[in-house]
Each structure stands twice: as C-alpha cells, then as structure tokens.
Amino acid sequence: MAASSPRNPPPLRGAENQDPLSEMADEDSDEGEDIFVGNSNPVAESFQPDTANGEEPADLFSEEETSTAVNSSITTFKSNGVHSDNENDLFAEVSVELSMENPSTTAKTSGAEFTPSLTLSATQPRSMEQVGYNRTSATQPRSMEQLEEEKDEDSFDMDVAVTNPEKIGDGMNAYMAYKVSTRTTLPMFRNRTFSVWRRFSDFLGLYEKLSVKHSLNGCIIPPPPEKSVVGMTKVKVGKEDSSSADFVERRRAALERYLQRVVCHPSLLQDPDVREFLERDELPRAVGTHTLSGAGFLKMINRASDAVSKMTIKISYSDAWFDNKLQEVESEDLQLRKLHAVVDSLVNHRKELCGNTAVFAKSMAMLGNSEDNTALSRALSQLAEVEDKMETLHQEQAASDFFILAELLADYIRLLGAVRGCFEQRMKTWQRWQEAQSTLQKKREVEAKLLWANKPDKLQQAKEEITEWEGKVTQYERDFDRISVTVRKEFLRFEKEKSKDFKSQIVKYLESLLQSQQRLVMFWEAFLPEAKAIA
Amino acid sequence: MDEDLFLEDVGDSWSFQLGGEDEDDLHEYQAFLGSSFFDLSGDPFSQMGLGDHEGKQFCWKKTHTDSSAEEEEAREGSLSVSAQTIRVTEAVRDGDALTFIVISQKLSGSGEYHVARTHEDFQWLQQCLFSQEVVPGILGVIFPPLPAKPQLNAPTKVLKQLGFLAMGEDWRMYCMALETYLQQVAAHTTLSKNKCLENFLTSSEPPGRQRVRKGIFNRLSQAMEGMRKEGHKDVDDFFQTERDNNLTLTGCSKSATERFIDVVLTEQKLAVACGHFSTALHLCVEQEEDSAVLAFSKICVKLSEVIDSIKRNFESVAENNLSTLGLGLDLESRCQEAEKEMLYRRTCKLVVLETASRNAERAKPVKTAAMDELKVAAEKEFDHVSGVAKQEIARFHSTRVELLRQALILWCEKQLETARDTSFRYSEHLQAFKGLGE
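Going down the list, the protein sequences come from chains A and B.
Read in full-length UniProt numbering, the first sequence has 114 at position 114, and its numbers run on one by one without any break.
Read in full-length UniProt numbering, the second sequence has 362 at position 362, and its numbers run on one by one without any break.
The shape of chain A in the complex, shown without the other chains (with noise of 0.2 Å):
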C-alpha cells in the first residue's frame, strides 16, 4: 500500500460480510443515460470477501424497494438500542421550519446537473432532507458544544480506512469494490469495529446527497475523487501493468482521504446517510453519479466563482470579510495549482532518473563482466547492485511525491472550489432575499395601487400575499443570517484542517524522505569496502 494508508484497517470482530453489490450497471459511464439493469445477480457468482465470517444472505435492494429500504434502515437505527439524543431528535421533530423546495430546484441550488430521470434519488432522501435539516439545526447549539469539546482533540474518536480493492466481475461490466473499515468509541455506531464494501459509485453517491442536504447551509463539503474513464477501462479489461495498479492505489488513496475528511467534519458526521455508507450492508446503487465527472465538476466550480463575480453586495463590516476571504481563495487557488505542475514535473522528472539508473545500472553490470580484474570485476557488479537499489529508492520516493504531495495539492485544489461554492451559496440566499425584498415592494405597491382603485375582493388577496411575503422575507434574512455564520464557521475550520492537513502530510513526506536518505547512506557504507579491496 502506498505511504498515504498509514493505518491498518482495526480487526474486525464479527465482521458483517454482505456480498457485493450486484448491480451490472456501468460504474464510471459518462453518458447521459442511466443503465438501470436490475438484475439480481446470483450471489454465488461474486466474490468470497477473505474474511469470510458468517455470510449473511445479502438483502438485494432493487431500485423499487429503495423507498422501504431506506425506511427499514430507519427503522434499524431506531431498534438499535444505542440511542443518542441526536437520533431521537431526528424523528421527534418532522416540523419543516424551512420551507423545502421541491428537489429538482434544490438539485439546482446545489449546483449538481441533475438529470430527469434522477426522480428516484431524489425523492428518497426528502423525508431524510427534512429530517436531517431540522436536526442539523435544531441540534445544532449541541453539537455547537460538542464541537467546542472535539476541537480540542486530535482525532475524534473515529478511524476509517479505504483498503483491499478488489475487481468484482469481467470486462466492461467489472468494478473495483474497496473495503472501508470504521474503529469508532461514537456511540451512535452499532458496533465498535465493522467494515462494509462499497464500490467508486457509492462515494459518488454519498457526495451527492451530502451535496443536496447541507450544501444549502454553507457546508464545505469535501469532493470526491474524480472519475476516471481511461483509467477504469484499462482495470475492467484487466491490464495487468503498472498504471492500472497506480491507478488504483491512487483511487483507494483518494477514497480514503475522502471518507476521512466527511468524518472529520462534526456535521456531517452526524447525517445518517454517512452512518449508512459506513454501516450498512448494502447501499441501494447510487445514480446519476455519471454526472460528476471531472469536467463536470469543473464547469460546476468554474460558473460558481462567475456568478459570484457578477454579484454585488453592500458594504459592511463582515462582507469585508467574506469578500477577503473569497478572494484569498481565489488567490491560493492559483498558488496551488502552481504548486501542483511544478510537484508533477518533479514527479516525472525523478521517474526518468529511475530509468536513466537502471539502464546505468545494467550497462555497469556489463563492464563489470567483462572485466578481467577479479577484485574490480567484483566492485563494478557491486557497483551495478548499488545502483540498483537506488533506484528503488529513487521509485519509492517518486511515488512518496505524488501520492503525499501531489494529492494533497490536487484534494485542496478541489476542496478550494468547494469553498467556492459555499461561498456562492451564501451570495444566492442574499440574492433570494433581496429579491423578495423586492418582490413584497412589489406586492405593497399593487395594494396600494388596489386601495386606491377600491376593489376589495382583490385586496383582500393582495394583503395575503403581503403577508406571506413578508414572512418570507423574515425568513430569508434569517436564512442569509444563518448561512453567513455557518459558512464564516465552516471556512475557519477549513483553514485550521488545512494546515493541520498539511503539516501532517509534510511530516509524512519528511520521514520517508529521511528514511529514503538512511538507506542510501547504508549503501554507501556497504560499498566503500569493495572499492577499497580492489588490488
């Protein structure tokens, strides 16, 4: 495994094996149609997890039974027995203190492209949207404090890991399927350990509905890897070379920081569906997940920071500071990518010294062969082994380059345009209010115009509408309140994971560098003697 895993997925007591998913459907397929192919596959056609213990038949969710699926799983966590007041928060309020626009315009708002057919994912989780809304706002001055407490600590008491990838299938229908192992002390888990399989679409997914639920409020939601089509396509047809394993080292890297930062967020730690991804058995199959491509995600990053360039605010004292601070991001946007060519050009530069070592190497070998001189036929082989050995060296610590350096460049580059659009989110729901500003203007003067005109029947509605506009916005201005401090929160605690972040990664790349150097001086040391004993 690469540097970046550096914990060992926690053994697993009483492991809940579930076989895999079974759904044929394209995993990374960046065309417009969704394959819904719902076979049921036969579970004996799939894989054994090597940890076999105790297979349970696998609940095999078909797309209609999602709705009752989700509610079952409700259901589940509620038997559980391992209550915490956040859960029984969950249900006990159904009250909508925001009023809930229908999906698709919530789909919009949250930037994702959307498409039509995508009714099934998004109808699902309105009752959990609701739901999770009110708790994440009613409980929030909870989990306020509880934040206040989780700050303090290093990890919060929360491990999980992305490990084993493993090819499920054949061909253009195959998938990598990656274990994600949780060690936990929170008490909201069932057990303390489990691990459950979840393939590339499953994060996709999870994206997307953490998108759709907390987007709204100003949430950085980390983003998750990207998608890959030429890389998947070289693993499903079973190219058994090194760029696919790099390629699926580099996924399974990805993944994992990915997981590791929604767990470190103290909101959405507490949403259910990151409790379902790391828990349960089986995840109903994500969809419309071919939307968030790479270059889909860039366009949806590249009209965020335009909108938000062709709005204005009034000045005062905290836009100062958004406005600052959005532009700092704008600016250590570039800084970073900068960063990120020149760590690449490293990256391909210490690969060719790899290869330049090992051609040395052999063309050293041959010299030493050919040498009459036992004692210096001896030091040149010892040489052409040295040399050798350096470039392993040289190999792994390309591979530190990238997979510590490069990707944490890259997971920041993304995560900026996260904050981006937080930002951006921030600036609609001004936007929203202003608009209703004007709209309940709008409305007063119609009943002005009304009054004087004298048609009572007509006011009568006129004076409703004012009304409910101005409940509205009442409502936005509180919203815009609300989302101006989440996302003043959010950015702080962003900056502070950022250098946390770093600093640990530069740790990391610092020991295998030194590591790396110790090596290369007992080398050295080994071969000065054979030198010496030439005669």
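Hint data in this document are derived by calculation from the structure and do not stem from the laboratory.
One thing to keep in mind: the hints can contain errors.
Think about it this way: if two alpha-carbon atoms lie no more than 27 Å apart in a straight line, the pair counts; the simulated DSS-like pairs of lysine-lysine are [said to hold, decoys possible]:
hint, chain 1, residue 1, chain 2, residue 2
1, A, K389, B, K414
2, B, K298, A, K489
3, B, K254, B, K233
4, B, K160, A, K362
5, B, K390, B, K233
6, B, K298, A, K325
7, A, K443, A, K463
8, B, K254, B, K149
9, B, K434, A, K498
10, B, K254, B, K160
11, B, K298, A, K498
12, B, K302, A, K500
Mind docking chain B on chain A? Use the hints.
The following block gives chain B in isolation, referenced to the frame of chain A:
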C-alpha cells in the same frame, strides 16, 4: 601483388606538413606516417627522398619562435618537474579560445613553473610525442589520450562528444582531464624523456605552434579503414585475447559513460525543478495577521526550506558523480580507445609483415634479395612493437585498475559524505516541522 598499402592507410587525420628545415627533422618523422599519425604501410627505406611523395606526405609545419628550442626538441632528456605535482588549475576565456594555466613543481624543490597553454599547444605536445626519435617499437606505446578540443559556443552535438568534460562549471572537468593527461605523459618512462614535454611545462614562451592542415582528428576515417584490418587474425594468442577484450571493454565503457551522463543530467534537472518548487512556495506566503493564514504561511516557508535542501542534495550528488566516477569512466573509455589504436597499429604492422613475407616468397629471383631484406626489416620492427606492446599492456592494465579504484573510492566517499549531511539536514527539518504550530 604489391598492394599500395601506402595509399590505403593514408587517412586524413592529423595531417601535417613535414616541412622541416633540414633532413634531420624529416628523418625523424618519416617512419611515422600512417592512417592516424603513422604510415603503417611501407618500409622505412622507401621514405627517403621525400620529394617524390608530394601530396601523399604528411607535412608538419612549425612556426619558429626559438630555433634553438627546435633543435633540442627531439633530443632525449629528463623531466625537471615532478610528475604528480602537475596541475591544470583553471581555464581562462580568451575570446573564442580557452587558455589553461599549468603549474608544476620543480624536482629540485626550489619553486614552481607557471605557464599558459592553449589546446593547440597541447596538440603540439601530442604531435611531438608521436613524432619522437625513432625508438624501436614506439608504435607499441599506448599514448595517453588527449581530450578533444573544447569549443566555446558550440552546438550541443559537439559538446555531447566531450561528454563529462564539457559539464561542470568553468570547464573544471576538462582541466582535470588535461591534468591527468600531462601526469600520464610525465610518468611514462619513454615519453617523459621527450624534450617537448619539458618545454611545454617550463618554457614561458608558447611552444611552437603547429598549423593543423586538415581539421580535427577524424576518428571516422580511421574507423572505416580499421574495419578491414581490425578483424585480422593475430598470430599470438596473448594479443588476440587482448584485442578481443579491448573491443568489448571499449564498447562497455563508452556505453557506461554515456548512461552515466544521462543520470547526471537528470539529477541536475531535478535540482532545477526543486528550485522552481521552492520559489513557488515562497509566493504562497501571505503577510496576514490572521493566525490561520499565518500558520499556513509558516508551513509554506518551512517546506520551501526542505525543498531547498533537496535541491542542494541533488546538486551535490550530481557534482560528486561528475567529478569522480564520471571523470573516471570518461578516462577509462578514452584509454581503452588509446589501447585500441596501439593494437591496431601493431596489427597493421603484422599485415605489413605478412605481405612482405608473401612478397619474398613469390619474388622473382632478381628481386628476392631486396624482398628478403624488406621482410627481415618488417619482422624486426614487428617484434619490437610487440615487445613494447606487451610491456605497455601490462602497465596499462595496472594503471587503469588503479585509476578506477581511486575513482570508485573517491566517488563512494564523497557520496557517503553528502548522503550523511543530507540525512542530518532532513532530520533537522523533520524536527522543526513536528514542532510547528505547537
């Protein structure tokens, strides 16, 4: 019957005009006409009366500064400086040419000599050595190889030929190669006696400049010529083996040198890339009071320092590679070529001998006596050459093993030192980083 070996062997390398002022000079050089520096074709006798061979001769024209120096040049003497102390300390740019400062210590211990020499001067010295008084079997000497001419503002292809010698700052590698050359010449029992060397090292006046008529030493033409003779089977197992080994080693060492150049070039590229990285990190530093931003800026600064260390490590590693093993491999490669040339000369003499023998056998009674004489002379010469060659080969092998040994030890020691330094620096950085923001 009579192959015109003269014409065949005449390549156009190192052509120089033999326009000596007196017959004595001519006599000295006549025996050494040939494809590179020497005529390997005929017998010494036919080269009397040089006037008959216009256009086919090699002429060596000198511009005289000091006529007395000329007379002394070819005479034997012993070197007044200590061979190991010869240094080529620097290369001074003089317009389009380079001048090298050569310093050597007097044997008497009473001081040192400082002279300035150009590459032409070195070439003159090399010519002198080739054109020595007729020492029997001089052809069997493995002449220390002189590096090719350094060209300033040369196209990359030309620089590539110089390989390692063109790398390094201020032509330092090149100077070291010249230094080794001089030391090798000065250490050679026969070559060191050449007055030219003494002159070269001690005279404040520039030695006689030769005008090289036809361009640079043209290995290509020799290569084409050599194709036919190189494969000629030897009569002596020792030499056949030596020739075979030499062929392999020449190829291997050349290839190893080139591969090593690639390695060093990549290391240098890595150093540059690290420099860019380090600079880019500095641009991330913000002058903000905000503690979060400050913390991140600190991280960037520290990382920039780390990357800087990595850069310096690569620079040192590349430098070490250049100045020890690189130089050593380059020298080994050129020395193998020098041995190859010697063996080739001997092989040519063998061909001459075999031809002469054949001619003697088939000669008509009228010419038998003359042919026999030729054969005997050829045989004698060949034996001399072989004798010298054997000694040279033994000396050559022990020298090169020693040179490689030194190069390898020095290389290892330097890399070890650099590696330890870097390791120490990295561990300091790690500690600093761990302590950040606490």
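How the hints compare with the structure:
Note on K389 of chain A and K414 of chain B: the hinted pairing holds, with a Cα-Cα distance of about 18 Å set against a maximum of 27 Å. Between K298 of chain B and K489 of chain A, the direct Cα distance comes to roughly 22 Å. Compliance with the 27 Å bound is thereby established for this hinted pair. Simply put, K254 of chain B and K233 of chain B have alpha-carbon atoms about 24 Å apart, close enough for the 27 Å limit, and the pair holds. For a cut-off of 27 Å, the pair hint linking K160 of chain B to K362 of chain A stands: about 22 Å separates their Cα positions.
Of the supplied pair hints, the one linking K390 of chain B and K233 of chain B holds, its CA atoms being roughly 17 Å apart against a limit of 27 Å. With a C-alpha separation of about 19 Å, the suggested pairing of K298 of chain B with K325 of chain A holds against the 27 Å cut-off. With a C-alpha separation of about 8 Å, the suggested pairing of K443 of chain A with K463 of chain A holds against the 27 Å cut-off. A hinted pair counts as satisfied when its Cα atoms are at most 27 Å apart, and K254 of chain B with K149 of chain B qualifies at roughly 19 Å.
Between K434 of chain B and K498 of chain A, the direct Cα distance comes to roughly 16 Å. Compliance with the 27 Å bound is thereby established for this hinted pair. Of the supplied pair hints, the one linking K254 of chain B and K160 of chain B holds, its CA atoms being roughly 13 Å apart against a limit of 27 Å. Of the pairs offered as hints, the one joining K298 of chain B and K498 of chain A holds, with about 13 Å between alpha carbons and a cut-off of 27 Å not exceeded. Distance restraint check for K302 of chain B and K500 of chain A: the Cα-Cα separation of roughly 14 Å lies within the 27 Å cut-off, and the hinted pair is therefore satisfied.
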